[in-house]
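S.K.: Let the sequences and hints guide you as you build the complete structure.
Now for the letters of each chain:
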Amino acid sequence: MSQSTAQRVASLESPEVWQTVCEHRDLVSHSGVVVWLDGAQVALFYLPGAEGRSLYAIDNHDPQSGANVIGRGLVGNIKGEMVVASPIYKQHFRLEDGSCLEYPQQRLRVWPVRLNGSVVEVAVV
Amino acid sequence: MGFSRVLLMNTNVAALNKQQTLIVIGNGMVGHHCVEQLIERGALDHYRLHVFSEEPMRAYDRVHLSEYFTGRDAESLALSDAALYQTPGVTLHLGVPVLEIDRVRRQVITAQGCVAYDKLVLATGSYPFVPPIDGAEGDSRLVYRTLEDLDAIRAAATNARRGVVVGGGLLGLEAANALKSLGLEAHVVEFAPRLMPVQLDEQGGRALKAQIERLGVGVHLSRGTQSISAGEDYRYRMNFANDEFLETDLIVFSAGIRAQDALARQCSLEVGPRGGIVIDDHCQSSDPHIYAIGECAAWNGTVFGLVAPGYQMARAVAAQLCNESTEPFVGADMSTKLKLLGVDVGSIGDAHGNTPGSRSYQFIDETNASYRRLVVDASGKHVLGAVLVGDNSYYDTLLQYMQNAIALPAEPASLILPSSTGAPTLGPGALPESATVCSCHNVTKGSICSAIDGGCTDLGLLKAQTKACTGCGGCAGLLKQVFEHELIARGVSVDKSLCEHFAYTRQELYALVRVEGVITFEELLAKHGRGHTGCDVCKPAVGSILASCWNQPIMDASLVPLQDTNDTFMANMQKNGTYSVVPRIPGGEITADKLIAIGVVAKKYDLYTKITGGQRIDLFGAQLHELPDIWAELIEAGFETGHAYGKSTRTVKSCVGSTWCRYGVQDSVKMALAIEDRYKGLRSPHKLKFAVSGCTRECAEAQSKDVGVIATEKGWNLYIAGNGGMRPRHAELFATDLDDETLIRYIDRFLMFYIRTADKLQRTSVWRESLEGGLDYLKDVIINDSLGLGEELESQMQLVVNRYECEWANALKDPEKLKRFRTFVNDKRPDPDIHFVQERGQRRPIMAAELNLIPVIEETV
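From first to last, the protein sequence lines stand for chains E and U.
Following our numbering, the numbering of the first sequence begins with 1 at its first residue and continues without gaps.
Following our numbering, the numbering of the second sequence begins with 1001 at its first residue and continues without gaps.
Honestly, the hints are just simulated from the structure, not real lab data.
It cannot be assumed that every hint is accurate.
[Claimed, not checked] What the simulated footprint calls covered on chain U by chain E, stretch by stretch (three residues with Cβ under 8 Å from a Cβ of chain E suffice, anywhere in the stretch; the number is not a length):
#1 1529–1536
#2 1572–1586
#3 1816–1827
[To be verified] Label pairs and their in silico Cβ distance ranges:
#4 E:R107 with U:D1827: 24 to 30 Å
#5 E:E96 with U:E1839: 39 to 45 Å
#6 E:E96 with U:P1830: 26 to 32 Å
#7 E:R107 with U:E1148: 46 to 52 Å
#8 U:E1839 with E:R107: 30 to 36 Å
#9 E:R107 with U:W1550: 39 to 45 Å
#10 E:R107 with U:L1094: 40 to 46 Å
[Stated by the list, open to error] The calculated BS3-like cross-link candidates involving lysine-lysine, where the alpha carbons are at most 25 Å apart (straight line), are:
#11 U:K1670 with U:K1594
#12 E:K90 with U:K1337
#13 U:K1603 with U:K1828
#14 U:K1339 with U:K1180
#15 U:K1337 with U:K1381
#16 U:K1779 with U:K1714
#17 U:K1496 with U:K1480
#18 U:K1575 with E:K90
#19 U:K1604 with U:K1828
#20 E:K90 with U:K1687
#21 U:K1527 with U:K1575
#22 U:K1575 with U:K1604
#23 U:K1610 with E:K79
#24 E:K79 with U:K1496
#25 U:K1337 with U:K1180
The beta-carbon is built from N, C-alpha and C at its ideal position, and this holds for glycine as well.
M.R.: Put into structure tokens, the structure is as follows:
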């Protein structure tokens, strides 16, 4: 366990895993947009000034409806955790780790993400 | 105790020696209550319990039976979880009628065999009495008692237009309500010269008749049905004396009940001269091993046809069988409070003033068909009884005066006189600890207080713990008052917070936004909330309040993050993540050119097209990135957004009115256009639907809308707070024969008052029902301007009207706002996971089961 974490940290430090996905100005404050990343759909939530981080990357696919809509969900803070509500059936996912508040069996993939100057980068590990 | 039970289960021989068998026959409301009480009092330590029911469904709520026709299903009427009857030691035999009782061998005999008993409780209830009438059979001999009876009534009503209930008592009027909710023209035929002869006096009966007739139910008194023959215009003809008759398609008999004492007669238990198993003050029958409770029992010659005395008997028997001390059953208070066909009826104690020396006060209001009578004793100090028709808000107080022998005020009449501040109430603080709040479950104010002292601060929890208000439900209002009064007395505040970020109700936040002129969510959160983000409950709620107050474009940067997805993208998200688009078609009026323009857009973007219930056209299947192009073309053709995505004004439906229709008396289309133009873009706690009909034939269905307008010879009638959907509600007539200007003024005030005082996501119908003071209060505020708010409400509405701008036109002007309308911000492709198939000449979303077809379709495209 600790070894794989160590590997992951090491790999995040190498520049080739970070891929530029869009411009900073493509983001919408306090809300989400979606980028195409080699066949995956990644929702980016930009939350300047909120509790927690200012940028999150999470799977756009809603497992309950089967539709790609998470990036269009409403962001909120529930009991101290930043979450997004699916716009179709309103279940909540933690932006930090993609786990679902209501249904433990639903879990979304999350990616490391960062602002690098004027661009947004997602780490593909 | 738990230990000894395990031991018993593991050593069957010992168990057989120690445990006795208790059998309850009947699983109605009273039989069920007895089982509940037995289990609660630990009867399973001494008894194995068998329950026999001839009905196939476990005990259900007969008091609310008519709700079966307005959407409640059998399961939701059930009185308990199935789990209760799965308690070890309890066996429920559903659909197994008991055929005989062998008192000598102490056995009950069913088609499936015999079961021996040590103690037996009969709770077989009653059956509807059907007088012997020639020709009464099949659909002309229906009864109203069980779920199966209701199924039979529903089947008979399928092709029927008119239905008659024989019997104008409490159950008969319930049955008439059921017929009405099945869409039939309902009539009531009563043998006595007045309705509800047991509970009401002559004047009360007269007031009730007037009220019920106003609701469109026919009432025929002093009529006995002599025979039933084939009808001419309807299926049957009911023949009365003097060659009078009434034709109908079905007949429901509700002419009283008879105790179901067949088993008792079979095994020669003593039965009363008018039926019913004779019981003593301990509910014991003539056989000391057999008890009888509920409507099958006769105490002192009387069968009690209400649930509360039945429960009282059930408790008495359960206590005895568990060797607890118990108070004897010495009769029951037959006071009752009901809503029959929507009319309040209350009867307390000696309603007829039969007590020697008693005196009465009466209040008669023939305008509103309202009637109240107060019966006091010879000394004038105590309440003996009362009759209420039309307004039960007096009931709780009068009942408390009677039950607790509270001394009357100097002017007893004030207890039944109308007063400007509503019915005088005996505050919950004035009630003694011993005062009964819930008579079905015998819950006193004292036991409510001790539940609260035990840490119960939630009304739902209180009901679960004490059972208060879970019988007939008549004490709901009083229970809530006592509960809140006691909480406040203990310094506990009732939590009505919107969510974890705002410790305010929607109404309070609305006032803060108004008074302080707050225009952003951040400002409101910083001043009155917690944290920096909010959540998906408070953000849309505050977004809606800000829009109702200030009507700024919802696509402004500070407002975008507040909106739910439909408002953010100004379209309605469908199940596959695509959107539907609804351009406004005011009043449902549209030119050929505009129809063609919609057709061109639908064709170009391959949109599935359907006509909506609100006289517009819905275009389905647009992807996010297509919305701006679609709207640019629609706006070019002269359309505006239809706000189908918002909690806001939706449509104003109309008929063609006097312009084309030979019956029309006003230009309904013109009025619909004026209304739609005025309120388009108005955001509110929930969606708003309007309609305007050009005559009383009501083709626009205005009486099912939040605001309905119907033309008269002299102007317009205004109806408010109607609703279709899951819980339909007829709109109520609010004002008549209004001129155009007054009509708009009242609608302005009504809508703004709703926006100001409603809870979040509360439709006008639910809001109106929750308004204290009801329709009269609302009329006072809107028409008589009793709160002095009229001008303020009008000017608030005018601000919203003046600031109206088509949101789509606004967004299309601003590239920043269009940034979000991209499926992928870094790629031009559409969402590759969205697939359609063709059906009836249009495309629709593919279903999961059809997904294997995708490759074929993609190749052919």
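S.K.: All the hints need checking, so say for each whether the structure fits it.
M.R.: Against the structure, the hints come out as follows:
no. : hint                            : in the structure
1   : 1529–1536                       : holds (count 6)
2   : 1572–1586                       : holds (count 4)
3   : 1816–1827                       : holds (count 8)
4   : E:R107 with U:D1827: 24 to 30 Å : holds, 26 Å
5   : E:E96 with U:E1839: 39 to 45 Å  : holds, 42 Å
6   : E:E96 with U:P1830: 26 to 32 Å  : holds, 30 Å
7   : E:R107 with U:E1148: 46 to 52 Å : holds, 48 Å
8   : U:E1839 with E:R107: 30 to 36 Å : holds, 35 Å
9   : E:R107 with U:W1550: 39 to 45 Å : holds, 40 Å
10  : E:R107 with U:L1094: 40 to 46 Å : holds, 43 Å
11  : U:K1670 with U:K1594            : holds, 19 Å
12  : E:K90 with U:K1337              : violated, 42 Å
13  : U:K1603 with U:K1828            : holds, 22 Å
14  : U:K1339 with U:K1180            : holds, 15 Å
15  : U:K1337 with U:K1381            : holds, 24 Å
16  : U:K1779 with U:K1714            : holds, 21 Å
17  : U:K1496 with U:K1480            : holds, 15 Å
18  : U:K1575 with E:K90              : holds, 13 Å
19  : U:K1604 with U:K1828            : holds, 19 Å
20  : E:K90 with U:K1687              : holds, 19 Å
21  : U:K1527 with U:K1575            : violated, 38 Å
22  : U:K1575 with U:K1604            : holds, 22 Å
23  : U:K1610 with E:K79              : violated, 43 Å
24  : E:K79 with U:K1496              : holds, 18 Å
25  : U:K1337 with U:K1180            : holds, 21 Å
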